Amino acid sequence: MPTPSRYWREIPQRYRLEAVKCKGCGYVCFPPRIICPRCGSREFEKTRLAGSGKLLTYTIIRVAPHRFEDQVPYAVGIAELDDGVRLTAQVVDCDFSELAVGMRVSIEFRRIYEEGEAGVIYYGYKFVPE
Amino acid sequence: MRDVAAIGVGMTKWGELWDKSLRTIFVETALLAIDDAGVDRIDSMVVGCMSSGLFVGQEHLGSMLADYLGRIPIPAARVESACSSGGLALRQGFIEVASGISDIVLVAGVEKMTDVTGCEATYALGTAADQEYEGYHGLTFPGLYAMMALAHMHAYGTTREQLARVAVKNHDNGSKNPLAQFPFKVTVDAVVNSALVADPLRILDCSPITDGAAAVVLCPADMAKKMKKPAVRITGSGQATDTIALSSRQDITWLESTHLAARKALAMAGRKIEDLHLFEVHDCFTIAEIMITEALGIAERGRGGRAVEEGLTSLKGKFPVNPSGGLKAKGHPVGATGVAQAVEVIKQLRGEAGERQVKGAKRGLTQNMGGTGGSSVVHVFEAE
Amino acid sequence: MAGIVGYGAYIPRNRIKVEEIAKVWGADAPGYKKGLMLEEKSVPSPDQDTISMSVEASKRALKRAGIDPREIGAVYVGSESHPYAVKPSGTVLAEAIDATPDVHTADFEFACKAGTEAMFVALSLVQAGAVKYGLAVGADTSQGAPGDALEYSAAAGAAAFIFGKDGLVAESIDTYSYTTDTPDFWRREYQYYPQHGGRFTGDPAYFKHITAAARGMMARVKMKPGDFDYVVFHQPNGKFPLRAGEILGFTKKQIEPGWLVPKLGNTYSGSSPLGLTATLDIAKPGDMILVVSYGSGAGSDAFVFKVTKRMDEVRDLAPKTRDLLDRRKNYLEYGVYAKYRRKIRKAE
Numbered sequence: 001m002p003t004p005s006r007y008w009r010e011i012p013q014r015y016r017l018e019a020v021k022c023k024g025c026g027y028v029c030f031p032p033r034i035i036c037p038r039c040g041s042r043e044f045e046k047t048r049l050a051g052s053g054k055l056l057t058y059t060i061i062r063v064a065p066h067r068f069e070d071q072v073p074y075a076v077g078i079a080e081l082d083d084g085v086r087l088t089a090q091v092v093d094c095d096f097s098e099l100a101v102g103m104r105v106s107i108e109f110r111r112i113y114e115e116g117e118a119g120v121i122y123y124g125y126k127f128v129p130e
Numbered sequence: 001m002r003d004v005a006a007i008g009v010g011m012t013k014w015g016e017l018w019d020k021s022l023r024t025i026f027v028e029t030a031l032l033a034i035d036d037a038g039v040d041r042i043d044s045m046v047v048g049c050m051s052s053g054l055f056v057g058q059e060h061l062g063s064m065l066a067d068y069l070g071r072i073p074i075p076a077a078r079v080e081s082a083c084s085s086g087g088l089a090l091r092q093g094f095i096e097v098a099s100g101i102s103d104i105v106l107v108a109g110v111e112k113m114t115d116v117t118g119c120e121a122t123y124a125l126g127t128a129a130d131q132e133y134e135g136y137h138g139l140t141f142p143g144l145y146a147m148m149a150l151a152h153m154h155a156y157g158t159t160r161e162q163l164a165r166v167a168v169k170n171h172d173n174g175s176k177n178p179l180a181q182f183p184f185k186v187t188v189d190a191v192v193n194s195a196l197v198a199d200p201l202r203i204l205d206c207s208p209i210t211d212g213a214a215a216v217v218l219c220p221a222d223m224a225k226k227m228k229k230p231a232v233r234i235t236g237s238g239q240a241t242d243t244i245a246l247s248s249r250q251d252i253t254w255l256e257s258t259h260l261a262a263r264k265a266l267a268m269a270g271r272k273i274e275d276l277h278l279f280e281v282h283d284c285f286t287i288a289e290i291m292i293t294e295a296l297g298i299a300e301r302g303r304g305g306r307a308v309e310e311g312l313t314s315l316k317g318k319f320p321v322n323p324s325g326g327l328k329a330k331g332h333p334v335g336a337t338g339v340a341q342a343v344e345v346i347k348q349l350r351g352e353a354g355e356r357q358v359k360g361a362k363r364g365l366t367q368n369m370g371g372t373g374g375s376s377v378v379h380v381f382e383a384e
Numbered sequence: 001m002a003g004i005v006g007y008g009a010y011i012p013r014n015r016i017k018v019e020e021i022a023k024v025w026g027a028d029a030p031g032y033k034k035g036l037m038l039e040e041k042s043v044p045s046p047d048q049d050t051i052s053m054s055v056e057a058s059k060r061a062l063k064r065a066g067i068d069p070r071e072i073g074a075v076y077v078g079s080e081s082h083p084y085a086v087k088p089s090g091t092v093l094a095e096a097i098d099a100t101p102d103v104h105t106a107d108f109e110f111a112c113k114a115g116t117e118a119m120f121v122a123l124s125l126v127q128a129g130a131v132k133y134g135l136a137v138g139a140d141t142s143q144g145a146p147g148d149a150l151e152y153s154a155a156a157g158a159a160a161f162i163f164g165k166d167g168l169v170a171e172s173i174d175t176y177s178y179t180t181d182t183p184d185f186w187r188r189e190y191q192y193y194p195q196h197g198g199r200f201t202g203d204p205a206y207f208k209h210i211t212a213a214a215r216g217m218m219a220r221v222k223m224k225p226g227d228f229d230y231v232v233f234h235q236p237n238g239k240f241p242l243r244a245g246e247i248l249g250f251t252k253k254q255i256e257p258g259w260l261v262p263k264l265g266n267t268y269s270g271s272s273p274l275g276l277t278a279t280l281d282i283a284k285p286g287d288m289i290l291v292v293s294y295g296s297g298a299g300s301d302a303f304v305f306k307v308t309k310r311m312d313e314v315r316d317l318a319p320k321t322r323d324l325l326d327r328r329k330n331y332l333e334y335g336v337y338a339k340y341r342r343k344i345r346k347a348e
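Protein sequences appear in the order of chains A, B and C.
Under our numbering, residues 1 to 130 are what the first sequence spells out, in order.
Under our numbering, residues 1 to 384 are what the second sequence spells out, in order.
Under our numbering, residues 1 to 348 are what the third sequence spells out, in order.
No lab work stands behind these hints: they were computed from the structure.
Some hints here could point you the wrong way.
Some but not every residue of chain A turned toward chain C, in silico, with C-beta under 8 Å [claimed, not checked]:
1) Q71
2) V92
3) F109
What you are looking at is a predicted structure, and each value in this text was computed from that prediction instead of being measured.
Note that CB positions come from ideal geometry on N, CA and C, so glycine has one too.
Looking at chain A on its own, in the form it has when it is part of the complex (with noise of 0.2 Å):
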């Protein structure tokens, strides 16, 4: 897991959901980027990712990477935001028999992730059913 200073340095995506948006073509990056990847322009207006959207695809976790063991078994998605960026994360407060494709999530502040009893606490966004 990442150190404070990586950490901290994602935090306005982490905490904010903060993009940005390509003014040559109005591709959406996020995290942010310094040049657009779909037409090469590197200038960039700021904005947010929508709140909700509809899961593309999900699985569920059962062997976990150490830091993680814990928290087996998790369901994992990619959902297509509603301003059609697309986002990977975690689905929570969720019956594993309730995911589907197509599925209505929206948006959460959670806990990711701490570093044992004495190291810092990881937060950021999972998704929720809507």
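Could you slot chains B and C onto chain A? The hints should help.
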């Protein structure tokens, strides 16, 4: 550009090699290839390895392995592109020979994965994904491919059974490969009832954790002719990249980097996919093989599941895929896989594949892929 | 005139029933249910804590307030379960709602009344003209020791209030605080669970301070119980607030809308604040609401609010407290509950 030939191959049995360290595995394998090539001189070395740093705390592999092979001061490079590190090493070796910069190049791939726990290995493999926007949320490789599988099933009706058939076919082939980690057969039933790893993928849908290496010696085709070696040439090489994160892909059910890399390699070789007789592809998960057959053009888009079900890609089928047993049965020491694919194709084109021999094989293709398709490397091989 | 401009509530989905806890410890479930007037309580998932709940409750308050978060001049979180011992919950909250960097932030602590502490200070800064808007949150994911009486009631929830001078949904008429040093319930540093004085937590603690604060507040505003439409008391269990109401002369009808504890449990710093959000959800313009919190140690904060017409315009912009309480509940078995609340420790 000069024509490039492969004149030596080397591979030892893959598995959990508790007694052997990374450097031992590499040296034993490299010597097999060098002896097979019958050369005294090596001009340069390229080694593919994904994550020796995370697995055994060792970087600077080029120097270390050149040293332990007894070949310092030759130039040695370690290349990395996640699971396609081996294929990338092959490409770099090919470029060195083709360009005239080196004559005899040792290409190798190696990975030592069992010195860490399963969870730590899962983490190390996860570094091929987007750390801040996929890994941060607890995603694993099985998890990412499981999402691709579900999307593919939703879009094209690919079934759980069709996925299982990939594993069954590859184990069937692998049971004929004395160097494979799992040289035994499995049934569809066993696959669909094995433990869930990331729904819908089960443990028997997933390639294993393996220690192993593979090596190939390359030289100019003219030199090979003078040495009177069985002539197998690399006639095409292609590489392509795609987004690091799965969510950024244009279509998460399609492997564009494989499609583009194959197109480039085939164009260089002046061949079409139908001209080829066998294919060693990157079945890190059963769904990957299905999607790869579509990206290569062996099956129509969306019909990769149908293709394996109908036997199109079995050993005796029209397009034999993974006669070696693939990553599933042969094993997947990450950096070694791309080179082992070349070893298999070369053996097949020499007629040395024993029970797995594809009859009359004259042209073959290797496809090695990194991450969820963020990189693909494709090579075309032809026998004279 | 200052008051509440926006408010929001957050309650986790998970619940555990009194019977489920009693079964494990061999306790008399019907006895507990009757004695505490408590049926079930909320349980936070491992990925929920005081900070995460505060963020969601505050976002809901912002929806109702309809203001630019950059104009919030103060962000305060009151809790007895701040995730860090040193590193404020308030900074994460302020960053998450985009109130940084021109903002004052502090964490508050006073057992169960840390939430109203935060409210008291935020309101006061607005009244003094020092900030345009002040955000105050009462949130907790408190622990009760396994098998202890408090295990049946220690629950999780958050309520957020944005105070300002314009666009009020409820005017603040006045406030009053009553404080003494009374060691009825405490937790020493490095201790995982709190301790309490048993029956000492009743008359000399809860009832003394609640009634003194209520009477002190009513004297200041020259009102009687009958002048209020609703009253919200701190709710450590179902019985105490009803008895406080009886002692002071309030009816059950006045207490009911804000009486969440039988199905929620004691959300500690969120207790009276959530009782207030539930009351605001149904109050009509012109309604007078008395809120009296209680925090062990000990003290009570009292507030008098008068609901305005704007409440009708914004009430539906965010989830209602009762909906959060009653819908999509996920019942846990004791084992999962114990795992979630880290009562089971794995080897390192």
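How the hints compare with the structure:
Annotation: interface hint on Q71 (chain A) holds; nearest CB of chain C at approximately 7 Å, less than 8 Å. For V92 (chain A), the interface hint holds, since its Cβ comes within 8 Å of a Cβ in chain C; the closest pair sits about 6 Å apart. Given the 8 Å rule on beta carbons, the hint for F109 (chain A) holds: about 4 Å separates it from the nearest Cβ of chain C.
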